[in-house]
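Please build the complete structure, drawing on both the sequences and the hints.
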Amino acid sequence: MSAAHPKIPEPRLCNIGPRTLAYDEVRPEQPQGNVLFLTGLGSNRLGWRGQLPVFGEKYRSFAIDHRDTGDSDPAEADYATTDQADDAAAFLRSVDAAPAHVVGISMGGFIALNLTVRWPELVRSLTLVSTSAGGEGHVRPDPAGLESLRPDFTLSPGERARRTYGLMMAPGFLDAHPRAADAIAANAGYRPQTPEQYARQFRSTRTHDVTAELAGLTVPTLVVHGDADPLVRYENGQHLAASIPGAEFITYPGTGHIPTVERLEDFNRQVLAFMARH
1 MSAAHPKIPE PRLCNIGPRT LAYDEVRPEQ PQGNVLFLTG LGSNRLGWRG
51 QLPVFGEKYR SFAIDHRDTG DSDPAEADYA TTDQADDAAA FLRSVDAAPA
101 HVVGISMGGF IALNLTVRWP ELVRSLTLVS TSAGGEGHVR PDPAGLESLR
151 PDFTLSPGER ARRTYGLMMA PGFLDAHPRA ADAIAANAGY RPQTPEQYAR
201 QFRSTRTHDV TAELAGLTVP TLVVHGDADP LVRYENGQHL AASIPGAEFI
251 TYPGTGHIPT VERLEDFNRQ VLAFMARH
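At position 169 of the sequence shown (counting the first as 1) the number is 169 in our numbering, and the numbers step up by one without a gap.
Hints are computed from structural coordinates only; laboratory data are not their basis.
Treat each hint with caution, since some may be false.
[As the list claims (entries may be wrong)] Subject to a maximum C-alpha distance of 20 Å in a straight line, what follows is the list of computed SDA-like cross-link-like pairs (lysine to any residue):
#1 Lys58 <-> Gln270
#2 Lys7 <-> Arg49
#3 Lys58 <-> Ala98
[Unchecked claim] Here are the simulated distance ranges between beta carbons:
#4 Ala212 <-> Asp142: 23 to 29 Å
#5 Glu29 <-> Glu159: 40 to 46 Å
#6 Phe153 <-> Gly216: 38 to 44 Å
#7 Arg150 <-> Gly50: 22 to 28 Å
#8 Arg93 <-> Pro9: 19 to 25 Å
For glycine and all other residues, C-beta sits at the position ideal for the given N, C-alpha and C.
In structure tokens:
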């Protein structure tokens, strides 16, 4: 593990009905609210290590492992994005963290949208990163984005992550930022998904479609998207920002699918400013 990647603490565990979710929490002495971070397909809660301590200086901040991921329980059968949203709702209730500022990236954005549609009283604000409303209007990935959805399980978890993230981030980013690449590889090496778990999680993304509900969303919303995202194309972010009443929109030029890493300092500063206004 690189020096850039601190020791992984023991996860906290939360029982929600028939399953257990693992999570990390950072909080100040006097929290000014709650933040829930929802990660994307094939990744675990460690992907938010660039955000959790920063947001935790002001807010009680949580990052969870979805079912089939990290230290959370594996699933026994297929599930839908709505099921993952209900997991998130049960988690917020269980740890007494509602309403929360909810931040979701990619698949985590799918979950965040469904959480807000189904349980709007649990959401103080919504930040949607590199994500989509789903459905027939979803603009499909370009060739590099499609290839990133086909992880090579013959590789070690770390090398698999370097390959996958190299395809979905801006070209050359990982070569130019070796510490970020090392951290991504180390995160991926922690309790990696099996091919079966990845396949179940991937199938869950195919159930996502909140297109008809966007106009009815009333929570303050921020949409964040890189205009060079090969996986969830920029047009999907434009559609969200145009369809959700009052949504704010941040575009990162020349940025790929992971602005939480590619534009780390800008992302943290701008999302914190958005939350402070709400």
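Structure versus earlier hints, numbers of those that do not hold, lowest first: Nothing - there is no hint that the structure violates, so all of them hold.
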